[in-house]
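Trainee: One-letter residues, chain by chain:
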Amino acid sequence: MFSNLDFSVVSNSLSYLFFEGMTFTLMLTAIATVGGLLLGTLIAMIRLSSLPVLPQVAAAYVNLMRALPLVLVIFLIYFLLPYVGQWVMGASRPIAVGALTSSIITFTLFEAAYFSEIMRAGIQSIPRGQVEAGYAIGLNYRQMMSYVVLPQALRNMLPVIFMQTIVLFQDTSLVYVLSITDFLGAASKVAQRDGRLPEMYMFAAAVYFIISFTASRFVQRLQARTAIVR
Amino acid sequence: MNYNWNWGVFWAPSPDGAGTYFDMLLAGLQWTIVTAICSWLIALCLGTVVGIARTTGSRWMLLAGNAYIELFRNIPLLVQLFLWYFVVPELLPVQLGNWVKQLTYGAFYTAVIGIGLYMSARVATQVTAGISALASGQRMAGLAMGLTKAQVYRYVLLPQGFRVILPPLTSEFLNTIKNTSVALTIGLAELTARARAMQEFTFQVFEAFITAAALYVALNIVVTLLMRYIERRMTVPGLVAGG
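Chains as they are written, first to last, in numbering that gives the first Met the number 0: chain A, 0 to 229; chain B, 0 to 242.
Think of the hints as simulated: they come from the structure by calculation, not from any bench.
No residue lacks a Cβ here, since even glycine has one placed at the ideal position from N, Cα and C.
Treat each hint with caution, since some may be false.
[What the hints assert, rightly or not] Pair ranges (Cβ atoms, derived):
#1 A:P150 <-> B:L61: 31 to 41 angstroms
#2 B:L95 <-> A:S10: 27 to 37 angstroms
#3 B:S135 <-> A:N3: 45 to 55 angstroms
#4 B:A128 <-> A:S124: 13 to 23 angstroms
#5 B:L62 <-> A:N62: 32 to 42 angstroms
#6 A:F17 <-> B:G96: 29 to 39 angstroms
#7 A:F217 <-> B:L25: 43 to 53 angstroms
#8 A:G128 <-> B:A128: 27 to 37 angstroms
#9 B:T234 <-> A:S49: 27 to 37 angstroms
#10 A:L153 <-> B:I36: 36 to 46 angstroms
#11 A:D193 <-> B:K100: 13 to 23 angstroms
#12 A:S14 <-> B:P158: 32 to 42 angstroms
#13 A:T22 <-> B:L61: 30 to 40 angstroms
#14 A:N62 <-> B:S135: 31 to 41 angstroms
Generate the whole structure from the sequences, applying the supplied hints.
Mentor: Shown next as structure tokens:
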């Protein structure tokens, strides 16, 4: 049953898999986490503000993104970006936007919706008295947010944010649909070139499992350590 | 923008010969719904079993349940589908493997099994959480009345536990619907795949994807309303856990 498996295909392509593939996967995960968290925090603050219209727009954006499958959004933004680029730059024809750029923008926009829900919960977990105390000692909105509310919200939500990052790390494999050489894309290309699909996909699954499992264990330890004793 | 909008394209005949492009998308929606429901049945059954196993108090069952959940939660869904589709048939005995590879609806069966198992790990954590959320006196009172352990679960813990976790289960079902789109990579012609095909045939990118997106949103709303109705019907009057 396992006799015709030949794992030498894995050891022969290790440098391609990790230096080309995994590097992109990790870069996409990092950029989308940081970008998504910043944009998501902004969306959460807008949703909790008393501005006119904008909170509803932000809520509509978040609900729409959360209702759509990521694969569909990857395709939609990939085809939409050339036209957006044309409109922004005032060019006469749609601009070529590469699959790599497109995937980075897609994941940042998509994850922002999920991170904004996490940050909204985080901000709402801060007692009202903290906000009032901040205003009472003369802070303005920006100072109150950046010195009082957001640091605490971020700390409370840190384990959830890391868990979402692990989900994001796994979801980046979906850039496969744009034929990008992420870790899975690299494994798939080698597999098809050498006709060794079982070996490559089993190896890819093992690598994803080890990284995600180790990271989630780390988050559980972190959760125990950073919990604020009340 | 010099994009040529042409919403009339939906009434043009599609190359699959089965009707218009709109019919093509609707057929995709049907595959999405059927795949999601079949996967969800697997996820609910296995997830309930594993979720219960983690609450029985047996250390061995807890470890096995945790291992199951970690295994299915820490591998991307796309990789899991590839494992079921490309790897498992190769590891089976040759004749059985060939039979599996020649199945007419191979992509559909693979998607149902793959997404079902993937979601079952998530359902299991919810079921465990639901049962653990109940007061421990419930279990003790059931046992004290002379119910067997199985009866305690059947008549005391599960009916209450499931009511507690109905809202998170709703969002897990919505995730199942969204996850069916990943199956386009193994050739399942569900909604996203049909939108992609329509875009390739007609070059009407935005009509295809915007309509597909609208259908997903509509499906979301229908499921959410349906689950809210079920939640209301299931509420036990006067019970905090029930409503």
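Trainee: Look at each hint and say if it fits the structure.
Mentor: For each hint, the structure was consulted:
no. : hint                                  : result
1   : A:P150 <-> B:L61: 31 to 41 angstroms  : 37 angstroms, holds
2   : B:L95 <-> A:S10: 27 to 37 angstroms   : 30 angstroms, holds
3   : B:S135 <-> A:N3: 45 to 55 angstroms   : 53 angstroms, holds
4   : B:A128 <-> A:S124: 13 to 23 angstroms : 19 angstroms, holds
5   : B:L62 <-> A:N62: 32 to 42 angstroms   : 39 angstroms, holds
6   : A:F17 <-> B:G96: 29 to 39 angstroms   : 31 angstroms, holds
7   : A:F217 <-> B:L25: 43 to 53 angstroms  : 46 angstroms, holds
8   : A:G128 <-> B:A128: 27 to 37 angstroms : 31 angstroms, holds
9   : B:T234 <-> A:S49: 27 to 37 angstroms  : 34 angstroms, holds
10  : A:L153 <-> B:I36: 36 to 46 angstroms  : 39 angstroms, holds
11  : A:D193 <-> B:K100: 13 to 23 angstroms : 20 angstroms, holds
12  : A:S14 <-> B:P158: 32 to 42 angstroms  : 56 angstroms, violated
13  : A:T22 <-> B:L61: 30 to 40 angstroms   : 38 angstroms, holds
14  : A:N62 <-> B:S135: 31 to 41 angstroms  : 38 angstroms, holds
In summary, the structure is inconsistent with hint 12 from the numbered list given earlier, while agreeing with all the others.
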